[in-house]
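Note that the protein sequences, when read in sequence, are chains X and G.
Here my numbering is used: position 13 in the first sequence is 13, and no number is missing along the way.
Here my numbering is used: position 4 in the second sequence is 4, and no number is missing along the way.
Be careful, since some hints might not be right.
Only pairs whose alpha carbons sit at most 30 Å apart, straight line, appear in this in silico DSS-like list of lysine-lysine [claimed, not checked]: (1) G:LYS60 x X:LYS21; (2) X:LYS7 x G:LYS478; (3) X:LYS202 x X:LYS168; (4) G:LYS478 x X:LYS5; (5) G:LYS60 x G:LYS6; (6) X:LYS7 x X:LYS202; (7) X:LYS104 x X:LYS216; (8) X:LYS21 x X:LYS5; (9) X:LYS104 x X:LYS5; (10) X:LYS21 x X:LYS68; (11) X:LYS165 x X:LYS181; (12) X:LYS104 x G:LYS478; (13) X:LYS154 x X:LYS5; (14) G:LYS478 x X:LYS68; (15) X:LYS154 x X:LYS165; (16) X:LYS7 x X:LYS68; (17) X:LYS7 x G:LYS60; (18) G:LYS478 x G:LYS6; (19) X:LYS5 x G:LYS608; (20) X:LYS21 x X:LYS104; (21) X:LYS181 x X:LYS5.
Label-pair distances were calculated between CB atoms; the ranges are [stated by the list, open to error]: (22) G:THR477 x X:GLY134: 27 to 33 Å; (23) X:LYS154 x G:GLU431: 30 to 36 Å; (24) X:GLU196 x G:PRO626: 44 to 50 Å; (25) X:ASP203 x G:THR477: 53 to 59 Å.
Hints in this document: simulated from the structure, not taken from any laboratory.
Backbone N, C-alpha and C define an ideal beta-carbon position, used for all residues, glycine too.
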Amino acid sequence: MIVMKQKPLDRILDRLRAFRKVVVLGCGTCSTVCFAGGEREVEELCCSLQLALRESHAEVEFEGVTCKRACDWEFLEPMADSLRGAEAILSLACGAGTNLIADKLPGVPVVPGVDTTFLGANAAPDAWSEMCAGCGDCILDQTFGVCPVARCAKTLLNGPCGGTKDGKCEVNPETECAWAKIVERARALGRLGDLERIVPPKDWSSARDGGQRTLKRSDLGLRRLCTEDLDEG
Amino acid sequence: MSVSSKVIAPCQAGCPVRTDAGRYARLVAEGRYDEAYEVICRANPFPSVCAHICQRPCEKQCRRGPLDAPVGIRSLKRFVVQHARRPAPGPCAPEPAASGRVAVVGAGPAGLTAAYDLRLRGHRASVFERLDRPGGMLNVIPRYRLPQEALDADVAAILATGIELTCGWEAGENTPVAELLERGFDAVVVATGLSRSRGIAVPGFGAQRFTAAIPWMADVWLGKKVDVGRRVAVIGGGNVAADVARTARRLGAEQVALICLESREEVPAEPQEIALAEGEGIRLLPRQALKRVLNRDGQIAAIELMSVVSVFDEAGRFRPTYDPSRIRTLSVDMVILSIGQAPDRSWARGTAVRADERGRIVVDRETHLTSHPRVFLAGEALRGPGSAIQAVADGHRVAEIVARFLELGEVARPAAAEVAPLDPFPEDVLERLRRLATVAAEAEPFAASEPSLDEAAARREGGRCLACLAGAVIDETKCASCLTCFRVCPLDAVEIGEAMRANPARCQACGVCASVCPAGAISLACWDRAAGEWATLPAPASRETGGTVAVVCRHDGGSPAGADEIVAVPCLARLRPVDVLGLFRQGYRTVALHPCAEEQCKYGAAWKNIESVAGCASALVRGAWPEARVEVCLPAGEGGPVGSAQET
Numbered sequence: 001m002i003v004m005k006q007k008p009l010d011r012i013l014d015r016l017r018a019f020r021k022v023v024v025l026g027c028g029t030c031s032t033v034c035f036a037g038g039e040r041e042v043e044e045l046c047c048s049l050q051l052a053l054r055e056s057h058a059e060v061e062f063e064g065v066t067c068k069r070a071c072d073w074e075f076l077e078p079m080a081d082s083l084r085g086a087e088a089i090l091s092l093a094c095g096a097g098t099n100l101i102a103d104k105l106p107g108v109p110v111v112p113g114v115d116t117t118f119l120g121a122n123a124a125p126d127a128w129s130e131m132c133a134g135c136g137d138c139i140l141d142q143t144f145g146v147c148p149v150a151r152c153a154k155t156l157l158n159g160p161c162g163g164t165k166d167g168k169c170e171v172n173p174e175t176e177c178a179w180a181k182i183v184e185r186a187r188a189l190g191r192l193g194d195l196e197r198i199v200p201p202k203d204w205s206s207a208r209d210g211g212q213r214t215l216k217r218s219d220l221g222l223r224r225l226c227t228e229d230l231d232e233g
Numbered sequence: 001m002s003v004s005s006k007v008i009a010p011c012q013a014g015c016p017v018r019t020d021a022g023r024y025a026r027l028v029a030e031g032r033y034d035e036a037y038e039v040i041c042r043a044n045p046f047p048s049v050c051a052h053i054c055q056r057p058c059e060k061q062c063r064r065g066p067l068d069a070p071v072g073i074r075s076l077k078r079f080v081v082q083h084a085r086r087p088a089p090g091p092c093a094p095e096p097a098a099s100g101r102v103a104v105v106g107a108g109p110a111g112l113t114a115a116y117d118l119r120l121r122g123h124r125a126s127v128f129e130r131l132d133r134p135g136g137m138l139n140v141i142p143r144y145r146l147p148q149e150a151l152d153a154d155v156a157a158i159l160a161t162g163i164e165l166t167c168g169w170e171a172g173e174n175t176p177v178a179e180l181l182e183r184g185f186d187a188v189v190v191a192t193g194l195s196r197s198r199g200i201a202v203p204g205f206g207a208q209r210f211t212a213a214i215p216w217m218a219d220v221w222l223g224k225k226v227d228v229g230r231r232v233a234v235i236g237g238g239n240v241a242a243d244v245a246r247t248a249r250r251l252g253a254e255q256v257a258l259i260c261l262e263s264r265e266e267v268p269a270e271p272q273e274i275a276l277a278e279g280e281g282i283r284l285l286p287r288q289a290l291k292r293v294l295n296r297d298g299q300i301a302a303i304e305l306m307s308v309v310s311v312f313d314e315a316g317r318f319r320p321t322y323d324p325s326r327i328r329t330l331s332v333d334m335v336i337l338s339i340g341q342a343p344d345r346s347w348a349r350g351t352a353v354r355a356d357e358r359g360r361i362v363v364d365r366e367t368h369l370t371s372h373p374r375v376f377l378a379g380e381a382l383r384g385p386g387s388a389i390q391a392v393a394d395g396h397r398v399a400e401i402v403a404r405f406l407e408l409g410e411v412a413r414p415a416a417a418e419v420a421p422l423d424p425f426p427e428d429v430l431e432r433l434r435r436l437a438t439v440a441a442e443a444e445p446f447a448a449s450e451p452s453l454d455e456a457a458a459r460r461e462g463g464r465c466l467a468c469l470a471g472a473v474i475d476e477t478k479c480a481s482c483l484t485c486f487r488v489c490p491l492d493a494v495e496i497g498e499a500m501r502a503n504p505a506r507c508q509a510c511g512v513c514a515s516v517c518p519a520g521a522i523s524l525a526c527w528d529r530a531a532g533e534w535a536t537l538p539a540p541a542s543r544e545t546g547g548t549v550a551v552v553c554r555h556d557g558g559s560p561a562g563a564d565e566i567v568a569v570p571c572l573a574r575l576r577p578v579d580v581l582g583l584f585r586q587g588y589r590t591v592a593l594h595p596c597a598e599e600q601c602k603y604g605a606a607w608k609n610i611e612s613v614a615g616c617a618s619a620l621v622r623g624a625w626p627e628a629r630v631e632v633c634l635p636a637g638e639g640g641p642v643g644s645a646q647e648t
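So here's chain X without its partners, still in its complex pose (with noise of 0.2 Å):
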């Protein structure tokens, strides 16, 4: 699941000062499971905005909507006319569907509500815990589940530092160490020797510096067949 949170009100607040309507958008996956903009956020933050004008006699329109999912432009589609006649989108979803609608609504102004963060897994009905770094290059076969790319502060492939200590992390002692996990694992599965190998440099070509990184799948071979079809014809 992709982690949000939500920015704090005065540096919302600040980024909508030249709006007079507002639609504060809303997204029903991720967002809403994590609590960052689902309809609860979406409700409370329309009141709360409207809380903190109150004395600025500023006579703003907040109008929450929430859809299904907001990287996906058919859901977006059926509130698209409210969309594009507000002054500006306050959006709540994650920095992909806030992508998505200012591409898809290139005159109005798009601003974030959220900060994306990261990928991660329920540790607590309050807690989350980055587990992924979307690299592109998945060796969690090789580290005993235990992802060091995305779970351990240097990265490291060949661990654990000098900076472990009592299964923490130096650079927070709230964080656990992730090869602390790893050897432990492999300790227990019997397999200590595997981490005797040393993980040659890894190849990054596949992470997320070259540039926006895309996915397609032709050999689904989906497309609307009439339709494309009869334009090609």
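Position chain G relative to chain X; hints supplied.
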């Protein structure tokens, strides 16, 4: 054709007229007595009568029973009829063009209910009653159990719909039912009840001091002068026998014995009726049969009782066996027989209504139709002995059939709505509830003459309802499957399937899931959030200073002093942070949350959620309006002084 059963609350399933008892119990808890009265009257035109004498089949089904004690539903009903503002009775909707005329014979609960329903459907109804007043057998229930004014109130409201009543009219050979048909009535409903007491083949029966229960009780309670002995033997073990015994005691009998065939465990009267009788000094002599009555100088001097070996055979049929060697003599001067009632079928004489070789009216028990195409039978005359509410239910049934007959000209079997009660609580839920539901059971003792509840006690008692089928409903189209509800539910009521689902057999309607759901996908069947009182809350007098709005638990949050406005909600745990923000939007600067005392709260775990909601709301408003405050006000005895504010 199979009809799938509709699952309903067990109290409702247990009620012959399907009164939504849970709903009115919860309305009482919220102080909404007028609405509670309306819920009661929707199913039952005898609310006041049943508030006193209903045998409470609902309570026997209550799912709270195994936890501590059932909700005191009848006590709540009595509270409601005493405290609700009743709508002024009056004529109902005008008659439709195709309205029919119906004669109802017998003004007991079945007959009056049938007339009432038919009248509400727009037909004209005339009721003919043998006694000099309406009410039927309800008139012979002792007044200490059923006050006259309760009966009068219900009867008056029923008649006020425009029903014509003729008293002192006895259906018999001189005024046959057939004559009613000749007088232009389109249909006749006979609901003459069981007005005859069964006799016994013992010499001397019928003498002044060897009498039957019903005529004697009728004389007592209809105000005639009655004779009572000094030492009275009441023969019978039913509720009527217990009433007769207690009545005799009240009329001055020094010794009263209640003599029945059954053992103490088998006695058909409600255990509490026997307990009350014994409490009044009445002796229960179980497993005894009346053998003969001994007279001296033309007066009853004693009775001989024969010991009963068993009452029922192996198949459970009534087939008493005796031990003739064990005879005891009891010195008495009066014997009252209360061994059951029988219908008076004299109304059928001279009509085309057929009877079988044993004199029983030939009737289709489903359509109520006799062998005459326009004469219907209902109530105890059709079903045999039963409770008042069963008679009311039969009145509803026959009215539906007769109305259809009048409107469509056909007599059809009613389309029975199949219902099934909600399953009992799983044992693990009961175990958790025992720990969570901290409210002490103020279970009403099973007393017939129980005292009326005061308002505080009634609201507490209503609050004990565990809200069967009134809890969380998850909207699949909005649910994000985030699992939050699954994770926070204290009773594991949420199930993960293709869609998230709140299992009604476990849910208690605490509302915590609805409060925290990030998708706004969960609503509560028992509470319409959109209709919250804050929707109509006036803005504070001064926008400059704001003011304080107190949000109190409707169950027991009290009336906090110092608040400019008070909003009541049924359990504060159901609030969402945005609900609190909405109050700030109204202009209030302080929102004071007043939950009920923890020991009063039926949701023991709810308290923590109230603190969480207050914390969330406080954090949200801080950025928007730094001067605004959310306070959680602890009730007295919660570790702080009364009304102490805990800023979050």
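Hint by hint, here is what the structure shows:
For the hint pairing LYS60 of chain G with LYS21 of chain X, the CA-to-CA distance comes to about 59 Å; that exceeds 30 Å, so the pair is violated. A distance of roughly 24 Å separates the Cα atoms of LYS7 of chain X and LYS478 of chain G; the hinted pair therefore holds under the 30 Å criterion. Distance check on the hinted pair: LYS202 of chain X and LYS168 of chain X sit about 25 Å apart at the alpha-carbon level, within 30 Å; holds. Proximity of LYS478 of chain G to LYS5 of chain X is assessed by CA-CA distance (about 21 Å); at most 30 Å being required, the pair is judged to hold.
A C-alpha spacing of about 20 Å is found between LYS60 of chain G and LYS6 of chain G, which places the hinted pair at or below 30 Å, so the restraint holds. For the hint pairing LYS7 of chain X with LYS202 of chain X, the CA-to-CA distance comes to about 34 Å; that exceeds 30 Å, so the pair is violated. Taken as a hint, the LYS104 of chain X and LYS216 of chain X pair is honoured in the structure, with Cα atoms around 20 Å apart against an allowance of 30 Å. A hinted pair counts as satisfied when its Cα atoms are at most 30 Å apart, and LYS21 of chain X with LYS5 of chain X qualifies at roughly 24 Å.
A threshold of 30 Å between alpha carbons decides the hint, and for LYS104 of chain X with LYS5 of chain X the separation of about 24 Å falls inside it, so the pair holds. A threshold of 30 Å between alpha carbons decides the hint, and for LYS21 of chain X with LYS68 of chain X the separation of about 23 Å falls inside it, so the pair holds. Proximity of LYS165 of chain X to LYS181 of chain X is assessed by CA-CA distance (about 12 Å); at most 30 Å being required, the pair is judged to hold. At most 30 Å may separate the alpha-carbon atoms for a hinted pair to count; LYS104 of chain X and LYS478 of chain G meet this at roughly 24 Å.
At roughly 24 Å between alpha-carbon atoms, LYS154 of chain X and LYS5 of chain X fall within 30 Å of each other, so this suggested pair holds. Using a Cα cut-off of 30 Å, the hinted pair LYS478 of chain G and LYS68 of chain X holds, with the two alpha carbons roughly 8 Å apart. Proposed proximity of LYS154 of chain X and LYS165 of chain X is supported: the alpha carbons are some 15 Å apart, at most 30 Å. Restraint check for LYS7 of chain X and LYS68 of chain X: satisfied, since their Cα atoms lie roughly 21 Å apart, inside the 30 Å limit.
With a C-alpha separation of about 55 Å, the suggested pair LYS7 of chain X and LYS60 of chain G falls outside the 30 Å cut-off, and the hint is violated. For the hint linking LYS478 of chain G to LYS6 of chain G, the alpha-carbon distance of about 25 Å falls within 30 Å, and the restraint holds. Distance hint between LYS5 of chain X and LYS608 of chain G is fulfilled; the C-alpha atoms sit about 24 Å from each other, no more than 30 Å. Proposed proximity of LYS21 of chain X and LYS104 of chain X is supported: the alpha carbons are some 19 Å apart, at most 30 Å.
Taking the CA atoms of LYS181 of chain X and LYS5 of chain X, the gap is about 27 Å. The hint holds against a cut of 30 Å. Evaluation of the 27 to 33 Å hint for THR477 of chain G and GLY134 of chain X yields a pass: the beta carbon distance comes to about 31 Å. Look at LYS154 of chain X against GLU431 of chain G: about 50 Å separates their beta carbons, and that is not inside 30 to 36 Å. Separation of GLU196 of chain X from PRO626 of chain G is about 59 Å and departs from the stated range, judged on CB atoms against 44 to 50 Å.
At about 44 Å, the beta-carbon gap between ASP203 of chain X and THR477 of chain G misses the expected band of 53 to 59 Å.
In this structure, the earlier hints numbered 1, 6, 17, 23, 24, 25 are contradicted, and the remaining ones agree with it.
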